[in-house]
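Single-letter residue listing:
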Amino acid sequence: MKQTVLINPMETIPVSSEPHAAGEFWYFFRKNRGAVIGLVTIGFFLFVAVMAPWLAPHPPSELFGEALRLPPAWQVGGNWRFPLGTDDVGRDMLSRLICGARVSMGIGFLVVFLSAGVGTLLGLVCGYYGGILDSVLMRAVDVLMALPSILLAIVVVSILGPNLFNAILATSVVAIPSFVRLVRASVLEQKTKSYVIASKTFGAGAFRQIFVNILPNCLAPLIVQGTLGFSDGILNAAALGFLGLGAQPPTAEWGTMLSDARSFIESSPWLVTLPGLCILLVVLGFNLMGDGLRDALDPRLRK
Amino acid sequence: MFGVTVVSFSLIRMVPGDPVLLLLGERGASPEVYRSVQQSLGLDKPILVQYGIFLRQALKGDLGESIASRRPVWQEFKDRFPATVELGMTSMLMAILLGIPIGILAAVKRNSIFDYSFITASLIGYSMPLFWWGLILILFFSVLLGWTPVSGRIGIEYDIVPRTGFLLIDVWLAGDGWVAFKSAASHLILPSLALGTIPLAVISRMTRSSLLEVLGEDYIRTAQAKGLSRSRVIGIHALRNAMVPILTVIGLMFGTIITGAILTETIFSWPGIGKWVVNSVTARDYPVIQGGILLIAIAVVAINLLVDVLYAVVNPRMRDLL
Chain A
419 MKQTVLINPM ETIPVSSEPH AAGEFWYFFR KNRGAVIGLV TIGFFLFVAV MAPWLAPHPP
479 SELFGEALRL PPAWQVGGNW RFPLGTDDVG RDMLSRLICG ARVSMGIGFL VVFLSAGVGT
539 LLGLVCGYYG GILDSVLMRA VDVLMALPSI LLAIVVVSIL GPNLFNAILA TSVVAIPSFV
599 RLVRASVLEQ KTKSYVIASK TFGAGAFRQI FVNILPNCLA PLIVQGTLGF SDGILNAAAL
659 GFLGLGAQPP TAEWGTMLSD ARSFIESSPW LVTLPGLCIL LVVLGFNLMG DGLRDALDPR
719 LRK
Chain B
4 MFGVTVVSFS LIRMVPGDPV LLLLGERGAS PEVYRSVQQS LGLDKPILVQ YGIFLRQALK
64 GDLGESIASR RPVWQEFKDR FPATVELGMT SMLMAILLGI PIGILAAVKR NSIFDYSFIT
124 ASLIGYSMPL FWWGLILILF FSVLLGWTPV SGRIGIEYDI VPRTGFLLID VWLAGDGWVA
184 FKSAASHLIL PSLALGTIPL AVISRMTRSS LLEVLGEDYI RTAQAKGLSR SRVIGIHALR
244 NAMVPILTVI GLMFGTIITG AILTETIFSW PGIGKWVVNS VTARDYPVIQ GGILLIAIAV
304 VAINLLVDVL YAVVNPRMRD LL
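The listed protein sequences derive, respectively, from chains A and B. In the working numbering, each number is its position in the first sequence, counted from 1, plus 418. In the working numbering, each number is its position in the second sequence, counted from 1, plus 3.
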């Protein structure tokens, strides 16, 4: 790491062999300190999310009646049995935060999977075929983008009823338009390239053109948008949880935990600070990594 | 715009639950009463007819009346809109007035400690979950320091007759003077701070990067070579050209402000349109949701148009495109 910083980047790339795309990407990504910090943060929360049942000292919903709103261990009255204290019904905060990581990461994955999946498909079709379908869908996208995303998500949740699954659905719906726009724009750009036209003269069908030829070349911006979509998804789902329209109380979801703790803000501030801090760190991690990915994947932004 | 009416109308009609039952209470309505209420609300007609009526009325400026309060939606909106505008304007002003100077400072002192701490702070500000940030501000300034009130627009001891709807102005018109003004301002400061944080981070970051780009141009070196003072080069020559992307971002931030207002108003019990729409969703107040979404969308589109016009004022090259 230290050596490469001192050497001119042009010299570290061997002249004889073509640098591998992945290696080149990693080289530029690694140089971005923020991106690496983001990656480490995400890696940490991902590890916690996967290992949640083994890491949590107590089951997240177990009630300890004798220990209501106990402060974190280092404060007066704290107890190392509950390192980060307990909430208003005596549940261990640390365990709930750890399980919350699992919920939030799951939300992020599902939202990106759903919105990127649907958005990419629509964007590919719109960009490749054009015509009436394209005009109608793009107007719909314009309309959806004119409305504030949270407002739209609130409306969708109110239609379907407030629970975690519907909150995920609502957050995904809200995220679709940006994917459609992005993919459509790249498809329109790629469609005119000579490799696509060459493939067409060889008789490639629409399916092959879209998925084998065009899609792989639209991936770079899609990956960046996907990473940023994670943070938006987690943030919006937590906001819905906070408004009481997302995950419902027994679930250890960070936004819902925050809204439960609002009335105890004066007496037990740790109930409010800790879940929000987790949300902030995860969102920050994804934003940092998204920025880093954009810089590393787009040759024009490399310094 | 037309699309927004279709979306707001059709989305809301899919909401499960019956507004008539909600209005009458869960029990104690005979079928005759039920039918008459349904008729008076126009809910017995086919859905397309209902949409047609809604559209015709909306074009005439009549958005129906709230099922819960029986007052015209437009009236309800008009009562609450100034509160949101007041909140949004102070947040935006704060973000612009702080963001641009901070951004300039960071760009001028590039790679200094100030620049680095600025970059870190703006990144954190940009990722901040607004609903948590609002609570943290309450925790710090209201609970720990006791400086500011927790919720509402003004102390309950004041009964201000709304004239302009902007409380900061109304207190003077009502003759309550300085004390009431201070009460209103102290209620306003925390929500504005919370709502203004994300725009502040984005605007200052854009100012920094845009200014850095411009400072590398040849004409800046020419201006410096002419012997112009540093403040004149940066303040007039560079900033003028750096303003275009900054303005774009400021325009985009209005959308963020409206989204954020929904959460901020909920946290601080601010009686604006964000809280109004959230409450009406829980109450299944169809006309309010429909009208509210429509009016908010109109506001967003109008602001975007305004920003485009401002664009042309700042950047002459854009004038041909308008």
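Derived from the structure by calculation, the hints contain no laboratory data. For glycine and all other residues, C-beta sits at the position ideal for the given N, C-alpha and C. Hints are supplied without guarantee of correctness; some may be wrong.
[Claimed, not checked] For each label pair, taking beta carbons as the anchor points, the in silico distance ranges come out as:
{"id": "1", "chain 1": "B", "residue 1": "PRO248", "chain 2": "A", "residue 2": "GLU607", "range": "19 to 27 Å"}
{"id": "2", "chain 1": "B", "residue 1": "ARG73", "chain 2": "A", "residue 2": "LEU699", "range": "43 to 51 Å"}
{"id": "3", "chain 1": "A", "residue 1": "TYR613", "chain 2": "B", "residue 2": "SER212", "range": "31 to 39 Å"}
{"id": "4", "chain 1": "A", "residue 1": "PHE682", "chain 2": "B", "residue 2": "SER115", "range": "37 to 45 Å"}
{"id": "5", "chain 1": "B", "residue 1": "LEU308", "chain 2": "A", "residue 2": "SER681", "range": "27 to 35 Å"}
{"id": "6", "chain 1": "B", "residue 1": "GLN227", "chain 2": "A", "residue 2": "PHE527", "range": "49 to 57 Å"}
Hints, verified against the model:
Distance hint check for B/PRO248 and A/GLU607: the Cβ-Cβ separation is about 22 Å, which falls inside the suggested range of 19 to 27 Å. At roughly 47 Å, the beta carbons of B/ARG73 and A/LEU699 sit within the given window of 43 to 51 Å. Checked against the hint of 31 to 39 Å, the C-beta distance between A/TYR613 and B/SER212 comes to roughly 34 Å, which is consistent with it. For the pair A/PHE682 and B/SER115, the beta carbons lie near 42 Å from each other, so the given range of 37 to 45 Å is met.
Checked against the hint of 27 to 35 Å, the pair B/LEU308 and A/SER681 fails, with Cβ atoms roughly 43 Å apart. For B/GLN227 paired with A/PHE527, a C-beta distance near 52 Å keeps the hint of 49 to 57 Å intact.
In the structure shown, a violation is registered for the earlier hint numbered 5 alone.
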